[in-house]
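Engineer: Residue numbers (our numbering), protein chains in the order written: chain A, 1 to 457; chain B, 1 to 457.
Be aware that a few hints might be false.
Note that the list lumps identical chains together, so a pair holds whenever it fits in one copy or between two copies.
What the hints assert, rightly or not - Derived pair list, reagent style DSS-like, types lysine-lysine, alpha-carbon separation capped at 27 angstroms:
id: 1; residue 1: K228; residue 2: K241
id: 2; residue 1: K361; residue 2: K6
id: 3; residue 1: K228; residue 2: K304
id: 4; residue 1: K42; residue 2: K455
id: 5; residue 1: K228; residue 2: K361
Since the hints were made in silico from the structure, they are not lab data. Computed from a predicted structure; not experimentally measured.
Number of protein chains: 2
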Amino acid sequence: MSITHKLATWLSEVDPLAEGRALELARNAVIDIVGCMIAGGKDVATCRTLDAVRDLGSGPASIVGHTEMLTAPHAALVNGTAAHALDFDDNYHGNMGHATAVLVPALLALGEERGLGGRAVLDAYIAGLEALLVIGKGVGLSHYEKGWHTTSTIGTIGAAAAAARLMQLDLPGVQRAMSLGFSHASGSKLQFGNMAKPFHAGMSAKNGLMSARYANAGLTAVEEPLDKPWGFRDLYIGFDKSPGYEDNIENIGMPLAIERYGLKVKIHPDCASTHCAVDGLLCLISEHGLEEHDIDTVEVVVNKISYDNLMFPNPVSEMEARFSMEYAIALAITRGQLRIADFRSEVIADENVRSWFPRIKMLQSSPEAPLPAAENGREPAKVIIHTKDGRGLEIFKQRARGVLQNPLTDDEMWAKFDDCIENAGMEVQASEIRAYLEAFETVDHVGELMNLLRKSP
Amino acid sequence: MSITHKLATWLSEVDPLAEGRALELARNAVIDIVGCMIAGGKDVATCRTLDAVRDLGSGPASIVGHTEMLTAPHAALVNGTAAHALDFDDNYHGNMGHATAVLVPALLALGEERGLGGRAVLDAYIAGLEALLVIGKGVGLSHYEKGWHTTSTIGTIGAAAAAARLMQLDLPGVQRAMSLGFSHASGSKLQFGNMAKPFHAGMSAKNGLMSARYANAGLTAVEEPLDKPWGFRDLYIGFDKSPGYEDNIENIGMPLAIERYGLKVKIHPDCASTHCAVDGLLCLISEHGLEEHDIDTVEVVVNKISYDNLMFPNPVSEMEARFSMEYAIALAITRGQLRIADFRSEVIADENVRSWFPRIKMLQSSPEAPLPAAENGREPAKVIIHTKDGRGLEIFKQRARGVLQNPLTDDEMWAKFDDCIENAGMEVQASEIRAYLEAFETVDHVGELMNLLRKSP
Chain A
1 MSITHKLATW LSEVDPLAEG RALELARNAV IDIVGCMIAG GKDVATCRTL DAVRDLGSGP
61 ASIVGHTEML TAPHAALVNG TAAHALDFDD NYHGNMGHAT AVLVPALLAL GEERGLGGRA
121 VLDAYIAGLE ALLVIGKGVG LSHYEKGWHT TSTIGTIGAA AAAARLMQLD LPGVQRAMSL
181 GFSHASGSKL QFGNMAKPFH AGMSAKNGLM SARYANAGLT AVEEPLDKPW GFRDLYIGFD
241 KSPGYEDNIE NIGMPLAIER YGLKVKIHPD CASTHCAVDG LLCLISEHGL EEHDIDTVEV
301 VVNKISYDNL MFPNPVSEME ARFSMEYAIA LAITRGQLRI ADFRSEVIAD ENVRSWFPRI
361 KMLQSSPEAP LPAAENGREP AKVIIHTKDG RGLEIFKQRA RGVLQNPLTD DEMWAKFDDC
421 IENAGMEVQA SEIRAYLEAF ETVDHVGELM NLLRKSP
Chain B
1 MSITHKLATW LSEVDPLAEG RALELARNAV IDIVGCMIAG GKDVATCRTL DAVRDLGSGP
61 ASIVGHTEML TAPHAALVNG TAAHALDFDD NYHGNMGHAT AVLVPALLAL GEERGLGGRA
121 VLDAYIAGLE ALLVIGKGVG LSHYEKGWHT TSTIGTIGAA AAAARLMQLD LPGVQRAMSL
181 GFSHASGSKL QFGNMAKPFH AGMSAKNGLM SARYANAGLT AVEEPLDKPW GFRDLYIGFD
241 KSPGYEDNIE NIGMPLAIER YGLKVKIHPD CASTHCAVDG LLCLISEHGL EEHDIDTVEV
301 VVNKISYDNL MFPNPVSEME ARFSMEYAIA LAITRGQLRI ADFRSEVIAD ENVRSWFPRI
361 KMLQSSPEAP LPAAENGREP AKVIIHTKDG RGLEIFKQRA RGVLQNPLTD DEMWAKFDDC
421 IENAGMEVQA SEIRAYLEAF ETVDHVGELM NLLRKSP
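Next up, chain A with everything else stripped away, as it sits in the complex (with noise of 0.2 angstroms):
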């Protein structure tokens, strides 16, 4: 039985999948990326995103944020981008990339266009990320090195997967379906830093749900996209420079993805790069009971992933700012936290943050000796706080808060989620929104919420 037959097979198959943990896991991160995409809605990549496809016919599917109702696919397409414009949503070991704002957007548009409840658009997704896992993890981290954009050329396929599992596709439309996501398989990290980043993650929710759509019209397409010469594999990686599908495929879902590997949530809305830093910072401020004014100097070592990530100590501008590992620290000493709208140009600007720059010094760890790595763990980093009184306070953080090893709790949780609905001016709707996440599983229609994510007009 070939790769994709026996992916498929599972995906058309497997009992529901909306319980217990997986469920807590999946509603948790629906709950945050409905609040990225809350708080992206009215980013600029979103708007024109929006911009580019409102004359193309209203639908029944809402745009985050904004008063429209568009077609299915272009919900997915500009809700996909509002989730990811901030770089707030998470992260996810499967596909190397980000994974629920590729896959929910795609699946809330497709329940809203089909009145499906919550339970089957958390089975769906956590089909998905099962999907995504087998995938990414068949292409291996060779597949991100040479430059692909993972959210997107492995998210592509993922969402069509999970897409196909809320139609409920029989095993050929499964397999129709994630060879037509590969048909679409597309994205380069060449574009990071312009507005195209985000806009990958809608494309592939829309590119995604669309395939889903085509191979329920009978579509025929390859049966073995994966794993054939001229494949996924073969085609965007190589045969000789990937692990293969085999170790993921053998005990697909034992344990679910979801429960074994879990997603990786920000609590910081900034590169992942720093976020160890941060909250290493944070719990040396706490334990010492340290104030601004005690503080001289701030040394953080990270290892070269993240020091390349990190390009600008003097950021003039959001994006630079969300790329500096002094702009983060001088944030969580002058602020104690790093919310959304410490990120606009006036704090970017303000005087005391900046004073902090020359203040705060990032190191590389030698090659020879680097920091530790581990599962949900590859961007540790050690801080070193010198006080004005002449003491070295040191603390190394493995895994950044946010992670299944390490997660939020449910004040964390709703406290992003109110930074979001905060930055989006959406106050008014936002004790029903909760309501209806935090039940999430029960919702009948998600149309139903939906509708309270538009903006009223």
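Given chain A, work out where chain B should sit, using these hints.
Structural biologist: Just chain B, lined up with the frame of chain A:
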């Protein structure tokens, strides 16, 4: 100045291109592809693609051979699939694949949506061919050989460029359109033999058109998507395995690619690898006044590239018959030509046609001494007819009828068109459609033509 910047400069600033010889060639290409869209409109791949988008909103753009009017991107999708459904549409040197089936459906849909005229569509088409040449020759034949379906990978970026030209985007707008086209570039030859293959032409037409829309809405994207690390050339083949863009960018438009290379129009509705052999056979028959009963056996010698494509000595389906030298030669002997209807199952089952298969032998030229290749003549053939009276009649054909160096006569062009019309049962509108096409550059609003291409409800 970067490659993309140079290309976008030319695309946004060059004087109108639809003049003289280029105009004439472009108009012929439009005539040919409109015929192909008509013939392929009811193909099952086209119908299923239409089924998948029919409920996603009506719009201002006509679906050829159907009653529907959909949004322009969906018309590009369905009509592009129709154009390539029978594999009867032209090939092009520039992108080493099908070109007009991607460009023209996108441009006609856009033109119909925006009330544009025939000359503007021809201008954008000629510009799109130029972009395809620069991009295609930059990645080179290795890109095709690696497994990429060049019709859709290169085609998507070319369609984005052509649509941007038709939308009269400024230089940065054209640049963004091509960059977003790059973000959508996908499609593998692994889909050959499936409906996904013609679908790829429609997908590229749609995605190219959408890329120009996103660009027009101001979505930002990397300025140099073609030639940077992680860009098109690097990701889709590798710098060390490709010739680079320099040769064709330096002299872009001098002469125009359409004048320099033309299109490779098909006169026979099957795999191009059979065409030189069929043409050669028909020449011999005509020169020597042969009848079917004069012929004993036929030998055909072709190079490996053609030999490998023609896998079905005993075809039993339409798809197999299109990739069978034996079938093509048997039709030419028994019917004197290859028409669309000759690939229906009743003809494939015809005892007289099939009785010829054992008497037709396809041979591969020796690897040491292949038949010579030439520009627009990469698949030559040698044909030897052994007559019952003991003669051995031989002919060599370098280039198939339909290429620039061996063009169709007007009669042949319109005979093909009539065959397409007949296949669709659209004889009623035929003369009016033809009148529009013959003076396509004078059509004020291409929507008038597109209206005629729909089926009356």
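Engineer: Hints first: check each against the structure and report whether it holds.
Structural biologist: Checked hints:
| no. | hint | result |
| --- | --- | --- |
| 1 | K228 / K241 | both (15 angstroms within a copy, 22 angstroms between copies) |
| 2 | K361 / K6 | neither (50 angstroms within a copy, 42 angstroms between copies) |
| 3 | K228 / K304 | between (35 angstroms within a copy, 23 angstroms between copies) |
| 4 | K42 / K455 | within (11 angstroms within a copy, 43 angstroms between copies) |
| 5 | K228 / K361 | neither (48 angstroms within a copy, 31 angstroms between copies) |
Going down the numbered hints, you'll see the structure goes against 2 and 5, while the others check out.
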